[in-house]
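**Q** Chains as they are written, first to last, in the numbering used here: chain A, 1 to 237; chain B, 1 to 237.
Simulated from the structure, these hints should not be mistaken for lab results.
Hints should not be assumed to be uniformly reliable.
No copy labels: a pair is met if it fits in one copy or bridges any two.
Claimed, not checked - When the alpha-carbon atoms are kept at most 30 Å apart in a straight line, the in silico BS3-like pairs for lysine-lysine are as follows: (1) Lys168 <-> Lys184; (2) Lys8 <-> Lys28; (3) Lys97 <-> Lys113; (4) Lys28 <-> Lys97.
Number of protein chains: 2
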Amino acid sequence: MARTPVWKSIAIALTDDIAQGRYETGGKLPAEAQLATRFGVNRHTVRRALAEMSEQGLVHSRRGAGVFVAAKPTDYPIGRRVRFHQNLTREGRSPAKQILTLETRAASAREAKALQLDPGAEVHVYDGLSLADGQPIALFQSIFPADRFPGILDALQEQRSVTAALQKFGVGDYTRIETRITAKLATATQALHLRIAEGSPILRTTGVNGDPQGRPVEFGRTWFAGDRVTLTVGGES
Amino acid sequence: MARTPVWKSIAIALTDDIAQGRYETGGKLPAEAQLATRFGVNRHTVRRALAEMSEQGLVHSRRGAGVFVAAKPTDYPIGRRVRFHQNLTREGRSPAKQILTLETRAASAREAKALQLDPGAEVHVYDGLSLADGQPIALFQSIFPADRFPGILDALQEQRSVTAALQKFGVGDYTRIETRITAKLATATQALHLRIAEGSPILRTTGVNGDPQGRPVEFGRTWFAGDRVTLTVGGES
DNA sequence: AGGTAACATTTGTATAGTTGTATAGGAAAT
DNA sequence: ATTTCCTATACAACTATACAAATGTTACCT
Chain A
1 MARTPVWKSI AIALTDDIAQ GRYETGGKLP AEAQLATRFG VNRHTVRRAL
51 AEMSEQGLVH SRRGAGVFVA AKPTDYPIGR RVRFHQNLTR EGRSPAKQIL
101 TLETRAASAR EAKALQLDPG AEVHVYDGLS LADGQPIALF QSIFPADRFP
151 GILDALQEQR SVTAALQKFG VGDYTRIETR ITAKLATATQ ALHLRIAEGS
201 PILRTTGVNG DPQGRPVEFG RTWFAGDRVT LTVGGES
Chain B
1 MARTPVWKSI AIALTDDIAQ GRYETGGKLP AEAQLATRFG VNRHTVRRAL
51 AEMSEQGLVH SRRGAGVFVA AKPTDYPIGR RVRFHQNLTR EGRSPAKQIL
101 TLETRAASAR EAKALQLDPG AEVHVYDGLS LADGQPIALF QSIFPADRFP
151 GILDALQEQR SVTAALQKFG VGDYTRIETR ITAKLATATQ ALHLRIAEGS
201 PILRTTGVNG DPQGRPVEFG RTWFAGDRVT LTVGGES
């Protein structure tokens, strides 16, 4: 008779707790030490159970903070119009953006080409972090031509929304000109922001948005946490 | 596999930022709290990174003010001609002098001997602070024979430059007759002026400058902040 | 103009809590 | 005998929170 290991039954019990809604998604589980006394076992045994659940993507832990119930993977449509805020509210999730850095610098060759600028022209750069229900979803970098959008960084600082900021400059609508998607591994800093392990899979998309006249207005790069996002293509709306 | 600690990768990222010139030397870094949100970690983790960088002399912090990019150590040539202003402008740094006290008093035995004066003769004393890019570099004390340079204190008060002041009295050129260098620990008052910790290493130089005829015109003592200055000897120009 | 008081900002310090990792060893199943 | 499961302990790394201390800024009064 192969008895089920203790840790497995603990994992089942905790999984059930989550399913029953006793711990809400995104919420914190009791500390490992507390769970250990609750189940009357050593902390390591609880850890073994949590490791199993973590591997299944049910929970994720942050050193020093606690163990959290993982949110469901996000479906993120990549169509002609990509609007972060819209994408998430449609799914009933609460989006948020966090500014990491705002700076102005000379464009790299790659950036200048994408935006059809002279090499070395000035660009405004917006580095940020996208969150859904408080959980990091993606890192992004938005680059705008400085001469056409002077002071756009101030607008972004106030509202954080690219759509709203561009509207201030008379760009009421913009659509994707080009999108590329590749797979990468998370660097240390990326992993830090996205709260994933170093070396976890990352979806990187590179895209250029243009105004109705076809002039490029934004060159954007986005790094999605592969475990939390599913990109969907097609099915335009 | 020993993963690199989070604080280390932050220190590396910040060091790189400084090296890339994103934060100019002498300039202020974002507040610890801001850096913490930018890197998505707790403030203490940022502090750990800053502590490492501070130990390496890359930054220094002032409570209530901020964290500043430490200026690179200054190469200060001690040759036959020591000109503070020249030394720094050659390195592309902006020098400044700050007067602490100007007074006239009787020379001590040591001072009288160095200047070849009768014991108890009157001397003018110029206590001041040298700065590079706004950062304190050294405390100094310049002593002049009062009978030969009456009213030199007024000249110094106007221009603060020893070279210019001596020129007013017909000393167009002067060179080092003698220089001594020793190491000390900073006293409380010295530390205050130099903005270093009490007990930090201090380079003390004692020197006598003389006119072309070999007559001593100035007896000077300088206390350099050991962390910020490297004295270089030889390689006359 | 100058001083002063109040306030907000920022770094320094202390304490406690939480997860991550390493090591060592006992008990039970194969 | 060996392997797996679990316990026990200790320490490192990071978080969370609160408060102290120094600084810079601004408003206001004289």
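**Q** All hints, please: hold or fail.
**A** Verification of the supplied hints:
{"no.": "1", "hint": "Lys168 <-> Lys184", "result": "neither (35 Å within a copy, 61 Å between copies)"}
{"no.": "2", "hint": "Lys8 <-> Lys28", "result": "both (21 Å within a copy, 27 Å between copies)"}
{"no.": "3", "hint": "Lys97 <-> Lys113", "result": "within (28 Å within a copy, 49 Å between copies)"}
{"no.": "4", "hint": "Lys28 <-> Lys97", "result": "both (22 Å within a copy, 26 Å between copies)"}
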